[in-house]
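Colleague: Chains as they are written, first to last, in our numbering: chain A, 1 to 261; chain B, 1 to 311.
Honestly, I wouldn't trust all of these hints.
[Stated by the list, open to error] Here are a few chain A residues that face chain B, going by a calculated C-beta distance under 7 Å: (1) N75; (2) R84; (3) G110; (4) A174.
[As the list claims (entries may be wrong)] Below, simulated DSS-like cross-link-like pairs (lysine-lysine); rule was C-alpha separation at most 25 Å, straight line: (5) A:K80 to B:K161; (6) A:K234 to A:K251; (7) A:K140 to B:K244; (8) B:K292 to B:K161; (9) B:K212 to B:K119; (10) A:K140 to A:K121; (11) A:K127 to B:K161; (12) A:K121 to A:K3; (13) A:K30 to A:K19; (14) B:K119 to A:K121; (15) A:K165 to A:K19; (16) A:K122 to B:K292; (17) A:K165 to A:K140; (18) B:K212 to B:K161; (19) A:K80 to A:K165; (20) A:K251 to A:K30; (21) B:K304 to B:K292; (22) A:K121 to B:K244; (23) A:K30 to A:K3; (24) B:K305 to B:K292; (25) A:K140 to B:K161.
Since the hints were derived computationally from the structure, they do not count as laboratory data.
Every residue, glycine too, gets a C-beta built ideally from N, C-alpha and C.
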Amino acid sequence: MLKINGISKTFNPGTVNEKVALNNLSLHLKAGDFVTIIGSNGAGKSTLFNAICGDFITDQGSILLDGQDITFTPNHVRAKRIGRLFQDPMRGSAPGMSIEENLVLAAGHGGWFSRISSADKKRFREKLSLLGMGLEDRMKQPVGLLSGGQRQALTLLMATIEPPKLLLLDEHTAALDPGTARKVLQITDDVIKSNNITTLMVTHNMQNALEMGNRTIMMDSGRIVLDLNEDEKKGLTVKDLIEKFKEGAGKEMDNDRILLS
Amino acid sequence: MSLPIILNLGQTALELGLICSLTVLALFLSYSMLNVCDLSTDGCFTLGASVGAVVAIAGHPLLSIPAAMAAGVVSGFVTAFLQTRMGVDSLLAGIIVNTGLYSVNIAIMGGSSLLNMNKTDTIFTMAEDMLTGTVFAGQNVLLVVLVVVAVAVAIITLFLKTRLGLAIRATGNNPDMVRSSSINPVFTTIVGLCVANAFTGLAGCLLAQSQKSVNIDIGTGMVTMALASLLIGGTFMGNGGILKRAIGVVLGSIIFRIVYTVALRLNMPAFMLKLVSSAIVIIAISGPYLKKQWPVYKRRYFAKKGGSGNA
């Protein structure tokens, strides 16, 4: 499904701020894989997502999605097949526009001069009610009035309303309070499973990383230092995970936001 | 002052307000929706006026309308292209295009900075001929601009509800979200500025034909006056659907002209118009900001006076 072959990226090359963000990184995903990613500060997790989405072109290596080479494809074209959520719940939706207007842009079919149809509204209403947040009765309200958790759930719906080939979740619950975070994670799990979407999820919650998905990778200094498949994950504790990271990276896990429980 | 004079002045203000409301609608699209301050508006207004005049003088009054709008589209495209594809800052792109258009406009007017249309058939004289003998005789300018503005409001409202229009609104609201909806914000910016400038060009064309002349300064200060009207309209109809806001924009433009007309009657010299419009824009934009800052100022003042600082 996703084939990343030896990609590298160096920011500010030749200056004192030179930073090797991705270092000859390779990663292959099968269709339907749900991979959780953990790593230390500045390990290159978000940079990896930026590379996959095409926010920059990598210095070397290639990226293939569903057999198609997208190494040089512009980001808005890649977005047709890649859904993405950021940590900041404000980033994924337009605050001045209503819920249904946001959804119809994300749903992405119909010509340029098409308008929101009653069939669209019916479909949005059904999908929104699945979130269990009462958003289906607020479809005409501007998104700016929603809470962070509601907005992140809406963004998740926007990213998956046309199921993408690949879903990238970049600590998408980190800015939410624990209760809301749990709820959004539950919705995430449901959406991914019911649509069988291939997913990469960065998290700072080690427990979530172990419990969710069928594969866990750990990153450090722009490389993958540990790759655990479903069987290897089974029965692991957070403590084992930190121990394994030490073996793989040759140093202590260094992440000031990591949640150990 | 007698009633007929008041009515006459009121009608002139209404006509001017309606014509200029097309420019305000253009800014509604570029400034309020797309979040781009298009400083090429002055030059584009004059461009529409001169192109429209030249085409009308050549004997095609009806053709002058699409010609002026097409000229506006080209101007908007250049401005948008500079800021999205050539790395020019969006304000600078507008200023550059505005400066360049000065030469272009004089070239279009055949090297002259003034064109006279006293003996030219315009869309207004055509309407006058058609209305002779009906109850609307003599109301040709008002009727024509009313129809044009109504159509413009309808088009803009419908346009902003299409997928393309929504994408344009989202581009000004959150470009990240537009990109992740696999829409290219470069494309939406270009389309938005092209459509907006078509209306600016149309406004220039109508003003020139109603005045029966064009001079190179016809568009000077238009962007500030239009912004003032836009902000006045926003205070009346700021919260509401797109249609309500678009109508508010037109009302803002008319109110601006009526206030200006009243000020003229109170012996304000005509050359003060641009200062007044600048002041309105300053008040409308900095007012909310100062209101927000007010508690801080107050607290700092009391703290300096030796108080507790807990204002």
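Colleague: Work down the list of hints and note, for each, if the structure agrees.
Modeller: Each hint, compared with the structure:
1. Hint on N75 (chain A) holds. Least Cβ distance to chain B is approximately 6 Å, under the 7 Å limit.
2. At its closest, the beta carbon of R84 (chain A) sits 6 Å from a beta carbon of chain B; the interface hint therefore holds under the 7 Å criterion.
3. Hint status for G110 (chain A) relative to chain B: holds, with the closest Cβ pair at about 6 Å, below 7 Å.
4. Restraint check, A174 (chain A) versus chain B: the minimum CB separation of about 18 Å is more than 7 Å; hint violated.
5. For the proposed pair K80 (chain A) and K161 (chain B), the alpha carbon gap of about 22 Å is at most 25 Å, so the pair holds.
6. For the given pair, K234 (chain A) sits about 24 Å from K251 (chain A) by alpha-carbon distance, which is consistent with the 25 Å threshold.
7. Taking the CA atoms of K140 (chain A) and K244 (chain B), the gap is about 15 Å. The hint holds against a cut of 25 Å.
8. A threshold of 25 Å between alpha carbons decides the hint, and for K292 (chain B) with K161 (chain B) the separation of about 33 Å lies outside it, so the pair is violated.
9. For a cut-off of 25 Å, the pair hint linking K212 (chain B) to K119 (chain B) stands: about 9 Å separates their Cα positions.
10. The hinted pair formed by K140 (chain A) and K121 (chain A) meets the criterion: a straight-line CA distance of about 10 Å does not exceed 25 Å.
11. Taking the CA atoms of K127 (chain A) and K161 (chain B), the gap is about 22 Å. The hint holds against a cut of 25 Å.
12. Note on K121 (chain A) and K3 (chain A): the hinted pairing is violated, with a Cα-Cα distance of about 37 Å set against a maximum of 25 Å.
13. A hinted pair counts as satisfied when its Cα atoms are at most 25 Å apart, and K30 (chain A) with K19 (chain A) does not qualify at roughly 30 Å.
14. Restraint check: the Cα-Cα separation between K119 (chain B) and K121 (chain A) comes to about 56 Å, which exceeds 25 Å; the hinted pair is violated.
15. The straight-line distance between the Cα atoms of K165 (chain A) and K19 (chain A) is roughly 31 Å, outside the 25 Å bound, and the hint therefore fails.
16. Between K122 (chain A) and K292 (chain B) the alpha-carbon distance is near 41 Å, which puts this suggested pair outside the 25 Å criterion.
17. Annotation: proposed proximity of K165 (chain A) to K140 (chain A) is violated, straight-line Cα distance about 30 Å (limit 25 Å).
18. At roughly 37 Å between alpha-carbon atoms, K212 (chain B) and K161 (chain B) are farther apart than 25 Å, so this suggested pair is violated.
19. At most 25 Å may separate the alpha-carbon atoms for a hinted pair to count; K80 (chain A) and K165 (chain A) meet this at roughly 9 Å.
20. At roughly 30 Å between alpha-carbon atoms, K251 (chain A) and K30 (chain A) are farther apart than 25 Å, so this suggested pair is violated.
21. Distance check on the hinted pair: K304 (chain B) and K292 (chain B) sit about 20 Å apart at the alpha-carbon level, within 25 Å; holds.
22. About 23 Å separates the Cα atoms of K121 (chain A) and K244 (chain B), which keeps this hinted pair within 25 Å; it holds.
23. For the proposed pair K30 (chain A) and K3 (chain A), the alpha carbon gap of about 9 Å is at most 25 Å, so the pair holds.
24. Annotation: proposed proximity of K305 (chain B) to K292 (chain B) holds, straight-line Cα distance about 22 Å (limit 25 Å).
25. In summary, the hint linking K140 (chain A) to K161 (chain B) is supported, as the alpha carbons are separated by about 13 Å, within the 25 Å threshold.
Hints 4, 8, 12, 13, 14, 15, 16, 17, 18, 20 from the list above are not met by this structure, while the remaining hints are.
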